[in-house]
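Asks: Here the protein sequences come in this chain order: V and H.
Mapping to this note's numbering: the first sequence position 365 is 369, numbers consecutive.
Mapping to this note's numbering: the second sequence position 157 is 161, numbers consecutive.
None of these hints come from the bench; they were simulated from the model.
Hints should not be assumed to be uniformly reliable.
Because identical chains cannot be distinguished in the list, a pair is counted as satisfied if it fits within a single copy or across any two copies.
[Stated by the list, open to error] In silico BS3-like links for lysine-lysine, alpha-carbon gap of 27 Å or less: (1) LYS60 with LYS179; (2) LYS104 with LYS116; (3) LYS60 with LYS20; (4) LYS231 with LYS116.
2 protein chains.
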Amino acid sequence: MSIETTIREMAAAAKKASVAVARCSTQEKDRALMAIADRLEKESARIQAENSEDLKRAREMGLTAAMIDRLTVKDSTIASMAGGLREVAALEDPVGAIQKTWRRPNGLTVSKMRIPLGVIGIIYESRPNVTIDAAALCFKAGNAVILRGGSEALASNQVLARIVHDVLNEAGLPKEAVQVVPTRDREAVTALLAQEEYIDLIIPRGGESLIRFVVEHSRIPVLKHYKGVCHVYVDADADIEMAADIAFNSKVQRPGVCNALETLLVHEKIAEDFLPVMAERFGKAGVELRGCPATRKILPAAAGATDADWPAEYLDMILAVKVVSDMDEAIEHIGKYGSAHTEAIVTKDYTRAHRFLREVDSSVVLVNASTRFNDGGQLGLGAEIGISTSKLHAFGPMGVEELTTTKFIVLGEGQVRT
Amino acid sequence: MSIETTIREMAAAAKKASVAVARCSTQEKDRALMAIADRLEKESARIQAENSEDLKRAREMGLTAAMIDRLTVKDSTIASMAGGLREVAALEDPVGAIQKTWRRPNGLTVSKMRIPLGVIGIIYESRPNVTIDAAALCFKAGNAVILRGGSEALASNQVLARIVHDVLNEAGLPKEAVQVVPTRDREAVTALLAQEEYIDLIIPRGGESLIRFVVEHSRIPVLKHYKGVCHVYVDADADIEMAADIAFNSKVQRPGVCNALETLLVHEKIAEDFLPVMAERFGKAGVELRGCPATRKILPAAAGATDADWPAEYLDMILAVKVVSDMDEAIEHIGKYGSAHTEAIVTKDYTRAHRFLREVDSSVVLVNASTRFNDGGQLGLGAEIGISTSKLHAFGPMGVEELTTTKFIVLGEGQVRT
Numbered sequence: 005m006s007i008e009t010t011i012r013e014m015a016a017a018a019k020k021a022s023v024a025v026a027r028c029s030t031q032e033k034d035r036a037l038m039a040i041a042d043r044l045e046k047e048s049a050r051i052q053a054e055n056s057e058d059l060k061r062a063r064e065m066g067l068t069a070a071m072i073d074r075l076t077v078k079d080s081t082i083a084s085m086a087g088g089l090r091e092v093a094a095l096e097d098p099v100g101a102i103q104k105t106w107r108r109p110n111g112l113t114v115s116k117m118r119i120p121l122g123v124i125g126i127i128y129e130s131r132p133n134v135t136i137d138a139a140a141l142c143f144k145a146g147n148a149v150i151l152r153g154g155s156e157a158l159a160s161n162q163v164l165a166r167i168v169h170d171v172l173n174e175a176g177l178p179k180e181a182v183q184v185v186p187t188r189d190r191e192a193v194t195a196l197l198a199q200e201e202y203i204d205l206i207i208p209r210g211g212e213s214l215i216r217f218v219v220e221h222s223r224i225p226v227l228k229h230y231k232g233v234c235h236v237y238v239d240a241d242a243d244i245e246m247a248a249d250i251a252f253n254s255k256v257q258r259p260g261v262c263n264a265l266e267t268l269l270v271h272e273k274i275a276e277d278f279l280p281v282m283a284e285r286f287g288k289a290g291v292e293l294r295g296c297p298a299t300r301k302i303l304p305a306a307a308g309a310t311d312a313d314w315p316a317e318y319l320d321m322i323l324a325v326k327v328v329s330d331m332d333e334a335i336e337h338i339g340k341y342g343s344a345h346t347e348a349i350v351t352k353d354y355t356r357a358h359r360f361l362r363e364v365d366s367s368v369v370l371v372n373a374s375t376r377f378n379d380g381g382q383l384g385l386g387a388e389i390g391i392s393t394s395k396l397h398a399f400g401p402m403g404v405e406e407l408t409t410t411k412f413i414v415l416g417e418g419q420v421r422t
Numbered sequence: 005m006s007i008e009t010t011i012r013e014m015a016a017a018a019k020k021a022s023v024a025v026a027r028c029s030t031q032e033k034d035r036a037l038m039a040i041a042d043r044l045e046k047e048s049a050r051i052q053a054e055n056s057e058d059l060k061r062a063r064e065m066g067l068t069a070a071m072i073d074r075l076t077v078k079d080s081t082i083a084s085m086a087g088g089l090r091e092v093a094a095l096e097d098p099v100g101a102i103q104k105t106w107r108r109p110n111g112l113t114v115s116k117m118r119i120p121l122g123v124i125g126i127i128y129e130s131r132p133n134v135t136i137d138a139a140a141l142c143f144k145a146g147n148a149v150i151l152r153g154g155s156e157a158l159a160s161n162q163v164l165a166r167i168v169h170d171v172l173n174e175a176g177l178p179k180e181a182v183q184v185v186p187t188r189d190r191e192a193v194t195a196l197l198a199q200e201e202y203i204d205l206i207i208p209r210g211g212e213s214l215i216r217f218v219v220e221h222s223r224i225p226v227l228k229h230y231k232g233v234c235h236v237y238v239d240a241d242a243d244i245e246m247a248a249d250i251a252f253n254s255k256v257q258r259p260g261v262c263n264a265l266e267t268l269l270v271h272e273k274i275a276e277d278f279l280p281v282m283a284e285r286f287g288k289a290g291v292e293l294r295g296c297p298a299t300r301k302i303l304p305a306a307a308g309a310t311d312a313d314w315p316a317e318y319l320d321m322i323l324a325v326k327v328v329s330d331m332d333e334a335i336e337h338i339g340k341y342g343s344a345h346t347e348a349i350v351t352k353d354y355t356r357a358h359r360f361l362r363e364v365d366s367s368v369v370l371v372n373a374s375t376r377f378n379d380g381g382q383l384g385l386g387a388e389i390g391i392s393t394s395k396l397h398a399f400g401p402m403g404v405e406e407l408t409t410t411k412f413i414v415l416g417e418g419q420v421r422t
């Protein structure tokens, strides 16, 4: 069977299964999620045996130590997958919720009801735990899902899918609700992106080149997450200690992730007081500073920033620093170089806080808090499937509710249109 | 200048203008909309002069009478555009509204705030009034808009844009907030669909081939509206008079539109009583019936339906009729042949009404009411920009709120992540 045919049949089966999943009660879904968690723990040895096949192949192919580390399934990986499943089971079920209801002059009662999207395709790299996390969120939201993980992780992903299938079978649910693409061939991705008849949404998770490839080839709507070039703006009258804490936490707490700080913008009135305090803390932590000319007047030890630094997503212990003459310049800089991901202001001024919140066009805008809070768990959405930096459908962290949509339901007593 | 360059510069200018429109107060926007309405009425002669250029060209090109009718701008067309503008001015402004707010254990206050999408591209056919209707809705929602109308209507669309520009200029707003593509060349559409750097959303309005072209060529998210193959299901215990009224209104009140009834599904227990009543009313109105074998046993005068009838969007005085053995068969038929647009049940049974509402996967599902109510105005959204039959972002009629998105705003007091 050709790859196109395989993928097409998988997508058609997913569509059919999605009808059954959409009609599941919350209880049925949560029981299945809990049962999958138990089964993963019980079948730990079987999972790790398949994972060692992937690892063996990865070593033969000369993958880097970091890549092999991401690929490895340990006892703790399985515990974390099971924990994730139990967390998702505990989340509120969005399906069937009535968002709002109103009455029309002719007596019709109109409501918006949350419903699943249908079939979701997820294209991601390497880590096998994403297979379980993504499947759990999609399933809880009443969707069927087709998972295409990294080719290095195929054996691991397939054994995870088999375990999910065993549980779904026992629960009388269609196993096609959760499917893993059974080939390493890259053609499978292109074939998946052409199934607009069956698949409602594609979510790519991975580097920029993967996302660009998906956007360019997909006829299906794509929820994308490009890079996070995040900013903290320290306002003229900020509390200097608070500003240093927030900048430090935003940059250093986990520098390799998308909500980490990349460029610090500092009002010129506070620069002389703030920059030395900040530089001392960052210096001790081993962060390299790259400053604009005004920054370097105050911090001569800092390297000079070039035009390449302002749009850079370092994901590393490097920070660009720019002194600005006012908040307008900061907002303009963010608009020009930012990625609409996460931006924070540190200020005591009510009017500027308010204006920053309104005028900065990013998925999460914070006052006096770390950029590291742009995260579904931290913001209270529960687990997240990603952070959308495009504005359609969802902008910012996407939880289980963002994997649903709404339809209108209308209750009448024989009304016709005149 | 090449078409690509023209379009790219327009898109970049729209992006810039969108920042200013996003920051406009409700009052500024509403004043501008009212001023455009007044100006259109005042400049009626100028508009009709340009329109007659389009009409002259259309006649030379041999366009059909129906197409020329759609293209013609009369006094009443201008009155209707001005009326639409005043209606949109009266709508509630969604921008800046807080959807919900919650507090996290660490004291952070998290809210979702409505914000404009940014730049919207609208690709449509023929009718010049769409130029004003679409511009008004996009502008009210705080967006900039690029309009690409039918090539036959270029002179009309351009004079409308000039009038909008005059008003925006006088109000101190950037005229690039509303732009009309200044060429008939089809390349302009392809160029528009490639401006993913500047344009946030594309809305095609027109026939299926236009929509398919846009979906296949766009790198920008598309909100599409394919055909409406709408159903009414008459349940076993429906009130026969009510069922006949609803079926008749759904089919006949305006047969050429997407929310008109195309297939009537009738429970076998009520078929012998209902079908003759229904057939008499439809017969008098000149509707051709195409029935399944069971229908034709009761209505021997009806034509026989073929496989081509069930997925057909007639947009005409033709109705397919099928007798089903129960509601499950009706729901399955709708899932197989419907277009996720509008479906209604007529019933007295609470349980089946409830199940139909939950299980039918269409943008608007009604109990005991006409399918013709799937319309932004009728459902209380105000004016609408279209009816989305894809599930992402908006499903069903799209009003001014659906032309916005939300961002997260977070208020802290120095919180960092631990």
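Asks: Is it within, between, both, or neither for LYS104 and LYS116, if the alpha carbons may be no more than 27 Å apart?
Replies: both (6 Å within a copy, 16 Å between copies)
Asks: Within, between, both or neither: how does the pair LYS60, LYS20 come out at a Cα-Cα threshold of 27 Å?
Replies: Result: close neither inside a copy nor across copies, 37 Å intra and 53 Å inter.
Asks: Have a look at LYS60 and LYS179 and pick one of within, between, both or neither, based on CA distance no larger than 27 Å.
Replies: So LYS60 and LYS179 fail the 27 Å test inside a copy (29 Å) and across (62 Å) alike.
Asks: Should LYS231 paired with LYS116 be assigned to within, between, both, or neither, using CA atoms and 27 Å as the limit?
Replies: between (33 Å within a copy, 22 Å between copies)
Violated hints, listed in ascending order, are 1 and 3; each of the other numbered hints is respected by the structure.
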